[in-house]
Structure formats: structure tokens, C-alpha cells
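Residue numbers (this note's numbering), protein chains in the order written: chain A, 1 to 464; chain B, 1 to 464.
Rather than coming from a laboratory, the hints here were simulated on the basis of the structure.
Each hint should be verified, as a subset may be incorrect.
Put simply, identical chains are the same to the list, so a pair is met inside one copy or across any two.
[Said to hold, decoys possible] The calculated lysine to any residue pairs, modelled on SDA-like cross-linking and capped at a C-alpha distance of 20 Å, are:
1) K242 <-> P3
2) K303 <-> S2
3) K12 <-> G123
4) K12 <-> D121
5) K364 <-> A236
6) K26 <-> E100
7) K26 <-> Q14
8) K26 <-> S99
9) K173 <-> I163
10) K403 <-> R268
11) K204 <-> P3
12) K173 <-> A4
13) K173 <-> P122
14) K12 <-> P122
15) K425 <-> P349
16) K173 <-> S2
17) K20 <-> N65
2 protein chains.
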Amino acid sequence: MSPAHFARRAEKLQPSSIRKMMIIAKRLISEGRTVFELNIGQPDVPCIPVFLDAIAARGREGRLNYAPFIGENCLRQAYARYLNDHFDRRGAQHLVVDSENVLVTCGASHALTSTFLSICDPGDEILCVEPFFPPYTGFLGIADGVLRSIPTYAEQGFALPTIEEMERYITPKTRALLFTSPSNPSGKILSPQEVTRLARLALKFDIFLIADEVYREMVLGDREAFSILQVDLEPAEMERLKHRIIVIDSASKAFSLCGARIGFVISRPEIIQKISLVNAHTVACVSDILQHGVAVAYEHVIKNPSFFTELRRTYRERLEAAMEAIHKYLPWAIVPRPDGAFYVMIQFPEIEDITEYCLFMLEKFNVDNETVAVTPAASFYLSPGRGRNEMRLALVVSPEKIKRSIFIMAEAYKAYKAYLKEQGKDIVAQNSRRLSNNDRGYINQENPSDCTGCAGYSVEAIVE
Amino acid sequence: MSPAHFARRAEKLQPSSIRKMMIIAKRLISEGRTVFELNIGQPDVPCIPVFLDAIAARGREGRLNYAPFIGENCLRQAYARYLNDHFDRRGAQHLVVDSENVLVTCGASHALTSTFLSICDPGDEILCVEPFFPPYTGFLGIADGVLRSIPTYAEQGFALPTIEEMERYITPKTRALLFTSPSNPSGKILSPQEVTRLARLALKFDIFLIADEVYREMVLGDREAFSILQVDLEPAEMERLKHRIIVIDSASKAFSLCGARIGFVISRPEIIQKISLVNAHTVACVSDILQHGVAVAYEHVIKNPSFFTELRRTYRERLEAAMEAIHKYLPWAIVPRPDGAFYVMIQFPEIEDITEYCLFMLEKFNVDNETVAVTPAASFYLSPGRGRNEMRLALVVSPEKIKRSIFIMAEAYKAYKAYLKEQGKDIVAQNSRRLSNNDRGYINQENPSDCTGCAGYSVEAIVE
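Given these sequences and hints, build the entire structure.
So this is what it looks like as C-alpha cells:
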């Protein structure tokens with residue numbers, strides 16, 4: 001082998017399945033096709049206007065300077081104020097966050113990569129809740145770490161297993177538990193009991209607990225997201241837990257600022273200091289002008305909390321439109337109703353490999369020159385075979401467009417079946433059926449009294 | 001050890017010495033002190049105005065979106081056009097760059113980190129030319145790689161050793177040669193012969209050749225920087241070399257846009273594709289709005305090449321002011337005249353550890369409430385003991401402020417000597433003298449005919 005070879009970690013990296021679909025969609029759009037892009041969490045909602053005013057004002061000063069590698073003080077302070085305010089406004093008990101607890105990163109992706117680089121030696125493991133955001137694998141791969149997963153199931157409202165069940169996945173190499181609530185892709189909001197269970201598990205094995213809370217404000221039902229910062233344990237346990245918690249956040253979804261690339265790590269100052277050095281040695285620092293703009297956005301929502309009320313209304317309308325259209329056009333699909341975030345997971349029970357259908361719809365099918373891009377769900381799972389008949393739909397366009405998209409999906413499915421038939425193939429998976437829990441090698445030992453938190457999550461549609 | 005420990009790579013990372021001084025300087029400024037910040041390459045020159053107009057226009061569209069992880073097409077195209085134009089305008093033969101050869105990164109820091117992550121397995125080595133930009137060590141540390149260095153010396157105009165000399169530093173773990181021209185900190189522009197020598201060395205050992213060219217436009221004398229893209233070898237060798245070249249660039253210095261965090265990797269498409277996946281898994285993508293602004297900046301300088309002529313004039317005036325003031329106030333200092341970039345390296349021959357003096361000047365000394373921040377040079381070297389009596393001064397303020405700064409440095413030096421005397425210490429290093437080449441374990445075998453390129457680099461001041 002030539003000494004000028006690529007590193008093993010680079011050879012392993014793959015474009016995320018989400019990005020792969022995006023590239024095809026963009027090509028089709030450039031060729032004149034109308035593509036409803038439900039494949040990526042890129043909202044069509046305009047960004048928060050005060051951000052634009054703030055960067056224009058900063059620009060008029062004519063200087064774009066290096067920022068401190070830990071982040072601009074104005075943004076660290078504004079973010080800490082916003083976070084405390086978020087809980088205080090709801091009368092929720094929580095750990096109080098100070099600017100010293102806040103690190104600014106180049107988006108939540110960079111927050112996670114920097115965290116993994118800070119805590120994982122090559123071969124170390126992070127244990128996450130499955131289904132999960134697929135790029136986690138690659139973020140951890142950058143640190144030569146290995147992702148492991150605790151499976152959860154739609155049929156059980158994605159409820160977390162018991163501590164005893166989860167322990168089975170912990171090895172001497174496990175450095176942290178990682179969970180996302182509200183979850184991308186499942187939309188599950190973990191109950192206070194479930195989050196507390198994760199905290200106890202982290203303490204029992206003395207590992208870090210990483211909470212990806214980028215969808216905190218995106219609540220689609222009556223139940224708020226329960227933050228890791230709200231966990232309430234005995235004082236001695238709390239004191240230990242404080243040194244284990246790492247929260248990930250982002251301005252991308254909350255303010256429709258995906259292109260600003262501003263994220264956060266929230267933790268103890270000594271952990272923040274350590275991760276900030278990784279920050280410094282990966283990107284040097286985050287754009288000062290964009291940090292100033294985002295600081296103004298957080299200050300704005302503290303004064304105008306109705307901003308997030310409006311945002312929730314927008315996404316709830318989209319969810320209603322999606323559920324209604326699915327019921328009408330895809331009545332046989334299995335569709336758990338999400339508690340939060342802005343995604344819907346749809347299971348096509350009779351299909352063997354949904355990727356082929358998704359690519360067929362995108363590339364070979366259209367209704368009046370319109371088609372739909374979605375994300376096949378296999379990459380949201382590590383467990384072999386899971387997600388192969390599921391897709392994720394992002395509620396990032398208007399209710400009308402969502403309804404139209406689901407109509408097109410149904411038409412495309414008919415056409416796909418006909419197309420396969422022409423080729424002498426059969427769409428129906430040989431073992432098409434809803435797997436029981438035992439088939440999945442997972443026995444539900446969930447304490448029923450613990451399940452109230454999952455009540456908002458129900459299977460909406462049934463197998464045909 | 002608790003499983004919740006930091007990774008070994010994170011434990012090794014240190015804030016760069018440049019940043020350490022910045023933090024102290026910023027604290028003093030917030031306390032009311034005037035600090036001339038010659039410690040960091042953050043120019044006071046206003047940023048290119050068309051950039052601000054472009055981001056304001058883009059902002060008015062109200063959308064900040066995820067960008068392709070390889071970069072926005074408009075910027076990849078504009079950068080490729082700029083680079084070809086840079087050479088064509090000078091009638092220089094060069095490898096033609098296409099947008100497919102360009103990756104957009106979050107600054108040159110991220111370009112380097114992503115490159116190292118792409119080519120270095122844990123323990124692999126990168127061999128760079130010393131003195132070098134200190135964060136290289138940490139960028140490579142992120143990939144668990146190890147930096148090695150080929151020493152060069154001010155007394156020899158920082159000339160590169162012969163191929164035979166340089167070979168001694170290559171091991172089976174060497175994955176790439178890395179050089180910066182114009183160099184930060186030395187200001188050296190490598191001659192065409194020297195760059196070609198590095199190319200031949202890379203080919204001989206079949207390793208990558210990484211050229212950090214972020215100061216390409218910052219030329220302080222008559223001689224242009226010679227790019228790795230200009231190397232001219234036999235066709236068969238060129239074909240191999242094309243697959244080994246990785247160029248690093250940035251918009252930070254050229255357009256005074258340090259806070260935009262836009263950098264570039266230029267290489268073969270298959271190498272660009274690979275590094276783009278590391279990009280995707282460290283920061284997801286680079287801010288779309290800032291990419292559009294920087295694209296307009298590159299388009300602007302293609303049409304208005306006088307932009308860089310003016311920029312060069314600005315920095316040349318500063319260099320003249322610095323050399324004049326050093327001659328007047330620090331006549332005993334050893335100060336090689338830089339060919340490019342915007343730094344001056346100053347040796348205080350009689351001092352044992354210049355860091356103490358730099359900290360004394362910054363924290364304990366002032367003239368009419370004014371003082372100066374500079375960077376002690378030890379971190380620019382890996383060779384033990386080197387740079388301990390050197391500092392780097394960045395020409396990032398007006399000629400008047402540079403002169404004033406050097407006056408304050410001279411006054412601070414007198415005060416520092418008096419301060420040490422009071423404490424019964426002696427400033428003068430026991431072995432204070434200019435080391436001969438042999439003392440450094442390096443015999444100059446430079447071919448004299450090869451040295452014309454170094455002529456612009458001379459020792460301006462002499463040992464007291």
C-alpha cells in the first residue's frame with residue numbers, strides 16, 4: 001500500500017442516507033422537476049428576522065474577527081439566560097446554567113464531534129437509543145469510536161427498556177449514554193421517569209450522559225420535553241450527576257437557522273474547557289458575526305416567548321395534515337404519532353426494502369412533474385434488518401404540500417408495484433408481518449406505572 | 001480511573017500560545033488598558049466591502065439553509081476562477097483548478113484538521129518545515145497523529161535543507177510533508193527550487209504534499225510566492241504528483257475575514273470527495289450565507305486585481321515602519337526581513353526565556369497606560385530549546401502604532417532588566433550567543449546555485 005493512503009476512519013465514512021437523497025433531489029430540481037423535499041430537516045420557515053437585522057448591523061462595523069474559541073460572551077450569556085428562562089417560565093425545577101457552562105460550536109454536529117473527540121479514545125463506545133440520527137455513527141467515527149445501540153420499538157411507543165435490560169449493552173469500553181429527546185427520527189419525548197432511568201444508569205456505571213436536545217422547542221402535543229437538566233435525585237447523586245451531564249443544542253431548528261451553523265455544548269466548566277480545546281483545534285472558532293446574530297435571537301425569544309408558541313402551531317398544523325393524508329392515502333401504513341421534533345416515521349409493512357421504492361419515486365416517477373424525496377429509515381438503526389420497511393418524512397413544507405406529497409407517495413407505490421410486476425418481481429416481503437417483541441429478541445419488562453409518559457405516542461394506522 | 005475520563009488526545013491539547021496571550025490582552029483591554037495586539041494574525045484592515053453587501057442581500061431572502069457538505073457551487077467555482085486568474089495574470093504556468101478540485105471548510109484550521117483526519121491513522125506522522133504555525137500540532141493531535149519537523153534557520157534565510165538532509169526525518173509512519181509559504185511565522189517564501197525539492201521528496205517516498213498557502217497574496221518584497229501548483233516536472237512525474245498535492249487556503253487574511261471562517265482544500269476530485277466526508281462528519285457543512293458572501297469577494301478581486309496591490313502596499317508600509325523602529329529602539333535584536341505574510345520574528349540574543357519578558361510587558365508594564373502583546377516563539381519549534389529567545393510580532397495595526405509598540409517594547413525591556421536585578425536575578429543567558437549551524441546539529445549543504453530565491457531574506461540587525 002502506498003504511504004499516501006487514506007486513514008481507516010476516512011475509508012469507513014459514508015455520506016448519510018439523508019444527504020444522498022438530497023443530492024439526487026437537488027439534481028432533479030436543477031433539471032426542472034418539482035420535488036417536495038421531505039427528506040431533510042431543513043424547514044421552509046423563514047429564519048427569525050431579528051437575526052438578519054443583527055448581522056446587518058454588525059456588518060456595518062466592517063470587521064469580522066476571530067472569536068474566543070469557547071464562544072462569544074454575548075452569546076454564551078444569552079443562551080444561558082434563554083435556557084434558564086425556558087424552564088422558569090414553566091415553573092420547572094432545573095439545574096441553573098451560567099455562561100461558564102456554555103460552549104459555542106459550529107452547529108450541533110460539531111458539538112457532538114467535539115464531545116466524542118474529547119471523551120473517546122480509539123475503540124471506545126458510545127451507547128445510544130435506537131432509532132437515532134444516522135450521522136452519530138460518523139461523528140463518533142471521527143474519534144475512532146464505535147456506536148452501540150439500545151433498541152426501542154414503535155409498537156411500544158419507543159419506551160426505554162428497564163435499567164437491567166439496558167445494562168446488558170454496557171461494556172468496559174462504554175464512555176457515555178447518548179439520547180435525543182424529542183427524538184429525530186421517532187418523535188418520542190422521553191418521560192421524566194425514562195430520563196431519570198438513564199441518569200441512574202450513567203451514575204451506576206460512572207459514564208457520561210449526553211442529551212441531544214436540539215428539538216426542545218418542537219413539541220407537537222401537550223407534553224413538554226423533559227430535559228436532563230430537570231432530573232431530580234438525592235443531593236449526593238445530583239452532585240455526581242452534574243459532573244456527568246453533557247447537553248447538546250443548536251440554533252438551527254429553533255430559529256430556522258440551519259445555515260448559521262451555531263450549536264452548543266452545556267456542561268460543567270471543566271468539561272466545557274476541555275471540549276473547547278477540541279473546538280479550537282478543529283475549527284479555531286465559530287464565526288463572530290453569526291454568533292452576534294444568534295445572541296440577539298435568544299434575547300428576542302426571552303422577551304417574546306410567543307415566538308415558540310407560533311412555531312409549535314406551524315408544525316402541529318403540518319402534523320395534522322400529514323396524519324390526515326396518511327389515513328386517507330396510506331391507510332395500511334404503520335405511523336406512530338410523534339410527541340415532538342418534526343418528523344413522521346412511516347412503516348410500509350409489506351415491503352422488503354423501502355430504499356428501492358424511495359429511489360423509484362424520486363427518480364422514475366412523477367405526477368404532473370411533481371415528486372417526493374423522503375429518507376429510507378434503515379440508517380436510523382444499528383440492529384440488523386431494522387428499518388428496512390420504514391421511511392422518515394420531515395414536516396418542513398406547508399400542510400398543502402405535505403398532503404400533496406403523501407398523495408404522490410401513494411400513487412408512486414401503486415406504480416412501483418406495477419413496475420416490479422412487469423419485471424417479474426414481487427414487492428411483498430416473503431415474511432411480511434409485524435414482528436412481535438419476542439421476534440426482535442426483546443422482552444418488554446417495562447414497569448406499567450412508568451409508562452404514562454408514553455401515552456401521547458400511539459400507533460395511528462394499522463396493518464392492511 | 002472513572003470510565004468518564006477525557007480521551008488521551010484531549011488531555012494533550014493545550015491552548016495555543018497565541019491564544020493564551022490573546023486572553024490576557026482581552027482582559028486588560030476590558031479593564032481599560034490600551035493594548036497593541038501584535039500577538040495574533042487578526043488584521044485591523046476592514047473586510048472587503050462587497051462581502052457585506054452580498055450577505056445583506058442574501059439575508060433579505062430570509063433563508064439560511066444547510067449547504068452541500070463539499071461547499072456551495074458558486075463559491076467552489078469563484079475560488080477556482082480566482083486561483084487560475086492569480087497565476088494567469090502573472091503569466092505563470094500552473095495546474096488548472098476546476099470547481100471539482102475545491103472543498104469549502106470552516107477556515108484553514110478546519111481544512112487542515114479534516115485533511116489530517118483523512119490521511120492519518122493513530123500514530124502516523126506529518127513532517128513539517130520548522131518554524132511552523134503552532135496549532136498544526138493540535139490539528140494533527142485531533143487525528144491522533146504526530147508532528148515531526150525539519151529545522152530551518154534564520155541565519156540561513158530559512159533555506160530548506162537538501163533532499164538528503166530532509167530524508168533523514170522521514171519514517172515508515174510519515175504520511176505527508178507540510179509546508180507554509182509565505183511562512184507564518186518566518187515570512188520566508190520558498191524558492192521554486194525549494195518547492196520543487198519538496199515535490200521530488202514527496203514523490204520519492206510516495207507521500208502527500210500539503211501546501212498551506214493562506215498568505216499567497218501577502219507578498220512584502222519583489223518576489224511572488226511560488227505555489228505547489230506551479231511545480232514543473234517531467235510528464236510522468238507530474239501525473240503522479242497531481243495525486244499527491246493538497247493545497248490549503250483561506251479567505252481570512254486575503255479579505256480580512258477572519259470571522260467568516262471560510263477555508264479551502266484544493267486537490268484531486270477523489271481526494272476532495274474523501275476529505276468532504278470528514279467535513280460532513282465534523283461540522284455537517286459551512287454557513288451558506290457566508291459562503292455566498294465570500295464567493296462575491298473572489299469574483300470581485302478577479303475583476304479588480306488592484307485590491308491585492310493595495311493590500312500589499314498596506315502591509316509593506318507596516319513592515320518598513322517596523323524595521324525602522326527596530327533599528328532605532330532595539331538595534332541589538334536579530335530580525336530577518338520577511339518575504340511575505342505579515343509577521344516579523346525578533347530574536348533577543350541575551351535573554352534566556354522570552355516568555356517571562358512578554359508576560360512582564362503585558363501584565364506589569366505600561367507607558368501612559370499603553371502596552372503591547374506579542375507571541376513568544378518557542379511554540380513555533382519542535383526542536384528542543386529553539387525559539388526561547390524569539391518572539392513573533394504581527395503587523396496588524398497602523399505604522400504609527402507599530403512604531404509606538406516597538407518603543408514600548410524597548411522601554412519594557414529596560415524595566416524588565418531592572419525588575420530582575422531587584423530580585424537578584426540575571427537576565428543574561430549563561431550561554432548567550434548566536435548559535436552556529438554546527439551547534440544546531442545541522443550542516444548547510446545548500447547548493448549555492450539554489451539560493452537565489454532566498455536573497456530577499458537577510459538578517460537586518462546584529463548581535464549587540
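Hints, one by one, checked against the model:
no., hint, in the structure
1, K242 <-> P3, "between (45 Å within a copy, 15 Å between copies)"
2, K303 <-> S2, "neither (60 Å within a copy, 42 Å between copies)"
3, K12 <-> G123, "both (14 Å within a copy, 18 Å between copies)"
4, K12 <-> D121, "both (17 Å within a copy, 12 Å between copies)"
5, K364 <-> A236, "neither (61 Å within a copy, 44 Å between copies)"
6, K26 <-> E100, "between (41 Å within a copy, 17 Å between copies)"
7, K26 <-> Q14, "within (19 Å within a copy, 42 Å between copies)"
8, K26 <-> S99, "between (40 Å within a copy, 17 Å between copies)"
9, K173 <-> I163, "within (18 Å within a copy, 45 Å between copies)"
10, K403 <-> R268, "neither (45 Å within a copy, 44 Å between copies)"
11, K204 <-> P3, "between (45 Å within a copy, 11 Å between copies)"
12, K173 <-> A4, "between (31 Å within a copy, 10 Å between copies)"
13, K173 <-> P122, "both (10 Å within a copy, 18 Å between copies)"
14, K12 <-> P122, "both (14 Å within a copy, 15 Å between copies)"
15, K425 <-> P349, "within (17 Å within a copy, 82 Å between copies)"
16, K173 <-> S2, "between (32 Å within a copy, 11 Å between copies)"
17, K20 <-> N65, "between (35 Å within a copy, 17 Å between copies)"
Taken one by one, the earlier hints fail for this structure at numbers 2, 5 and 10, listed in ascending order.
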